[in-house]
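First to last, the protein sequences are chains Y and P.
According to my numbering, the first sequence is numbered sequentially starting from 16.
According to my numbering, the second sequence is numbered sequentially starting from 16.
Derived from the structure by calculation, the hints contain no laboratory data.
Model, not experiment: these values are computed from the prediction.
Cβ atoms here follow ideal geometry from the backbone N, Cα and C, with glycine treated the same way.
Among these hints, one or two may not hold up.
[To be verified] Cut-off 25 Å, straight-line C-alpha distance, at most; resulting in silico cross-link-like pairs (BS3-like, lysine-lysine):
1. Y/K347 x P/K107
2. Y/K17 x P/K347
3. P/K268 x Y/K42
4. Y/K69 x Y/K81
5. P/K380 x P/K360
6. P/K107 x P/K138
7. P/K349 x Y/K268
[Stated by the list, open to error] To list a few chain P residues with every Cβ distance to chain Y over 12 Å, as calculated:
8. E136
9. K200
10. A206
11. F297
12. I355
13. E359
14. P372
15. G373
16. G383
17. A390
18. K413
19. K415
20. P428
21. R433
Number of protein chains: 2
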Amino acid sequence: MKIINIGLVGFGTVGSGVVKVLQKKKKGLEQKTNCEFKIKAIADKDINSPRCVKVSKEILTNDVDKILNDPEIDVLIELIGGIHPAKEFIIKALRNKKDVITANKALLAEEGEELFRIAAENKREILFEAAVCGGIPIIKVLKQGLLANKIDSLLGIVNGTANYVLSKMEENNWEFEKALAQARKEGIAEADAALDTRGIDSRHKIAILAQLIFDADIKLEDIFCQGIEDIRLEDLRYAREFGYTIKLLAIAKSFKENTAGVYVYPALISEECLLSRVKGAFNALSLKGDMAGELFFYGKGAGMLPTASAIVADLGEIAMSTVHSPQSTVSKTKLEIKKIEELEKSYYIRFLAVDQPGVLAAIAKILGEQRVSIASVIQKERKEKEIVPIVMMTHYAKEKDIQRALREIDKLPIVKERLAVRIEE
Amino acid sequence: MKIINIGLVGFGTVGSGVVKVLQKKKKGLEQKTNCEFKIKAIADKDINSPRCVKVSKEILTNDVDKILNDPEIDVLIELIGGIHPAKEFIIKALRNKKDVITANKALLAEEGEELFRIAAENKREILFEAAVCGGIPIIKVLKQGLLANKIDSLLGIVNGTANYVLSKMEENNWEFEKALAQARKEGIAEADAALDTRGIDSRHKIAILAQLIFDADIKLEDIFCQGIEDIRLEDLRYAREFGYTIKLLAIAKSFKENTAGVYVYPALISEECLLSRVKGAFNALSLKGDMAGELFFYGKGAGMLPTASAIVADLGEIAMSTVHSPQSTVSKTKLEIKKIEELEKSYYIRFLAVDQPGVLAAIAKILGEQRVSIASVIQKERKEKEIVPIVMMTHYAKEKDIQRALREIDKLPIVKERLAVRIEE
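Let's have the full structure, built from the sequences with the hints guiding it.
Written out as C-alpha cells, the structure is:
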C-alpha cells in the first residue's frame, strides 16, 4: 500500500479535526484509496496545550522548516490562515515538490494567481475544498462532476455568520446588533465580525469560485462588495410582506462571451427559491450549468468536522488522481468584468422621512426624473410631522440611474435615513 | 495529448446528447483533462433516422461486436437500457479491458454485484453517474467529496415523473390520473408509467446509492417499495393543513453497526424541510454524513443534456484518475437489513367512512388496542349516513402495530376506503 506522508501546519481546531478524522477513519480510507495517510509532522507555535486528539510528541514541532524541508513529506496541509507566512510556506512546499492542501481563502483570493503558477511550474497541486463552503464538496463538483458545463450563474450564501445573523433577526425579531451578539455568544462570530458582516469573507470565497468557473484571474478589487450592517429588522419584515427574504449573496454571472460579473451584496430573494430557505449558519449555492441545468447545493460552511471532511477528501484526490491536473497549466481566459454600475436591477428602498404632505411626491419625482419607475409603495404609519418609514419596490432600472436618484433623494431634508437593497430574481 | 477512444452503444436521445456535448465542448474538455475524447464507433439498431447531431457515416454500425472486439476502443458507453443484452455487452467489454460508462439503473440494481466483480477482476471501472439523478453529480460526491464520511441517512426524490405528478396534483388541484396524463403529454411520463408511479425506478436508484454508501450488496427484494397511485388530491390538501406535503421518497438509513434499511414509499414531509420544496420533474437528495453533517443536493434527474453532462463527467474521471479504483476490489460489508416492519413511525391515515354515531369510536378503539395513539383528527364534513373523510395523525408507533390495526379497521363495514402514509421527520 502506498504511503502518503503529511506535514500539517497549524494545530488548531481544524488541524485537530483532520488528525481526528484520519485516526478514526484510518481503515475505511485505506480501503477506499489504497493509500495510508500518515501524519509525519505537525508544526504549531503552541505544541503544549491539550487538543481533542492524541498524537505522539515526536511529531510535534515549532519549526515549520522541518516539514517544508523533509523530502519524505508528500503533502503540506496549511491551516494557519492569513497571508504571511502562509504564502511563503506554501511556495516553499511547492518548490520542494509537495502537493498543498489549504483552507486559506484570503490567501487564495489575494495571491492565488501566483501560487497556482508556481504549483504548475512544479507540477504540483494546490487543493482547497475546505476554503469554500466547508462541508459542501463544491470545488470537486465544479472541477469534476460539472466538467462538461459552462456555469452561467452562481448565487451563493457562503458566509455562515452573516446568514446566521440575518436568520436570527428574522426568526426572533431582533435588531442586527442583538443577533450579532448572539452569534458571538454561540461561537459563530468572532469578536471582530467585520470580515463576515461586511462581506469581505464572502468576497474571498466568490473570488475563488469565480476563478474556477470562469477559468480566469479575478482581482478582488473587481468584486463589488457590500455587507449587511445597514439591514434593519423592519427591512426583513417589509421584505416578507412582499414575499421575499434578505440574504447576503455572493454572485458570479456570465454575460455575453468572455464577460462576467462578480458581486457580493445583500439581496431580496423570493420565498419561492431554495436559497431563501437557508437558515442559520448553513451555506448554499444555487447554480446554472449550460448542460446540467439548475443545481442547488446546501451544507455546513464551517466547523471542525465539516472542514476536516473537505481536507480529507482532498487527500483522497491526491491519492487517487493522476499526479498533476492539467487544468492549472492552461492559459487563463481573458475576462471582461461587468461592473455593478452596468447592471439593471429592481430595488427595495426604505426611507425614513418626515411625514408631511408632498414627501412621497418629492421622492417619486426624483425617481421618475432618473427613469426609475415604482412598482409598489407601502406607507403604513401616519404620524404628522414625525419620522415614518416609506417602503417601495422599483421596476428594473439601470444601476446608474438608481444610484443617481438615491443621491438626489438623500439631499432632501425631509429624508432622514435610506436603505436600498437589490432584488435578485 | 492522450486519446481516449469511445464506443457508444445506443444512439437515442441520451446517446445523441453525449455526441453533442463532446462536439460542442471539445476544446474545453481537452484543456481540462489533457485528453482527446474520440467517438470511434456508434452502434444502434437504427442507424438511418436523423439525430440532433451530425456524425460521419463510417462510425455508425449495427454490429455491437465491432465495438466490443475493437482493441483500440478504451471505453464502452452503454445506453440501450434493460437487462439483456446490455449485461452481456458490458461483461464482454470489461473482459476485453474496456472501462464502462452506463446509465442503466435497472441493470446495476439487479446485476451490479456480478458486474462490479468482473470489473474488479479485469481491473476496469464501471462508472454510472448518469444512472442516478442525472444532472446532480451525486455518485462522485459520495465517492470523492464525502470520502471521509459514513452516510447516516439519505432521503431522496429520485424519480422526476412521480414528483411531477404529485406537484401538479398539489399546484393545480388535479387528481392523480389527470396529473399523470399531463406528464405524458409533456413527455415526462411514458405511456406505461408504472415503473415511475409504483416506485420501481426509485427502488433501482436507491439500491445503487445504498450499495455505494453502505459498501454492501443490497438485494432489490430487501427494499420495501410502495408507489403513489393511491394518493388522492384530498390527501395532499389534508397534509398541507397539518403543514406537510407528500413526496415519493427513496430512503437509505444506517441504524446500529452494520444494520441498515432501504425503503421506497410516499411520505408526509414538513413544509419546513428543503425536500418539500422540490417541485416538478426535479430530483433532490438530503443526506447526513457523520463528518460533513447535513447536506442537500438538487437538480435535474433526467433529460438529454443533464444525462450527457453526467456521462462526460465520467469520461473525465477515466481521463484523470488512476486506472483502477481500489474501492471495487474490497470485500463488501455484511449488512443486516432492517425490515420495514421493524420501524417505528408516525402516520397520516385517511378513511372514507359512513358518517354515523360511533364510527370514530370504533376506529379509535382498534388503534388503541394495538397501542397506536392518535395525535389529531380532522372530520370536517358531516353528512349523516353518507360517506365522509376522517383524517388522523398518529404518534410514533410500531409498524407492526399500525399494520395490524389497519387490517382490523379495514374489516369494519362502515369503512369504505383507507389510505395510510408514513410521516418522515
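Here is how each hint holds up against the structure:
{"no.": "1", "hint": "Y/K347 x P/K107", "result": "violated, 42 Å"}
{"no.": "2", "hint": "Y/K17 x P/K347", "result": "holds, 22 Å"}
{"no.": "3", "hint": "P/K268 x Y/K42", "result": "holds, 22 Å"}
{"no.": "4", "hint": "Y/K69 x Y/K81", "result": "holds, 21 Å"}
{"no.": "5", "hint": "P/K380 x P/K360", "result": "holds, 19 Å"}
{"no.": "6", "hint": "P/K107 x P/K138", "result": "holds, 14 Å"}
{"no.": "7", "hint": "P/K349 x Y/K268", "result": "violated, 48 Å"}
{"no.": "8", "hint": "E136", "result": "holds, 17 Å"}
{"no.": "9", "hint": "K200", "result": "holds, 21 Å"}
{"no.": "10", "hint": "A206", "result": "holds, 25 Å"}
{"no.": "11", "hint": "F297", "result": "violated, 8 Å"}
{"no.": "12", "hint": "I355", "result": "holds, 28 Å"}
{"no.": "13", "hint": "E359", "result": "holds, 28 Å"}
{"no.": "14", "hint": "P372", "result": "holds, 45 Å"}
{"no.": "15", "hint": "G373", "result": "holds, 44 Å"}
{"no.": "16", "hint": "G383", "result": "holds, 38 Å"}
{"no.": "17", "hint": "A390", "result": "holds, 25 Å"}
{"no.": "18", "hint": "K413", "result": "holds, 33 Å"}
{"no.": "19", "hint": "K415", "result": "holds, 34 Å"}
{"no.": "20", "hint": "P428", "result": "holds, 46 Å"}
{"no.": "21", "hint": "R433", "result": "holds, 34 Å"}
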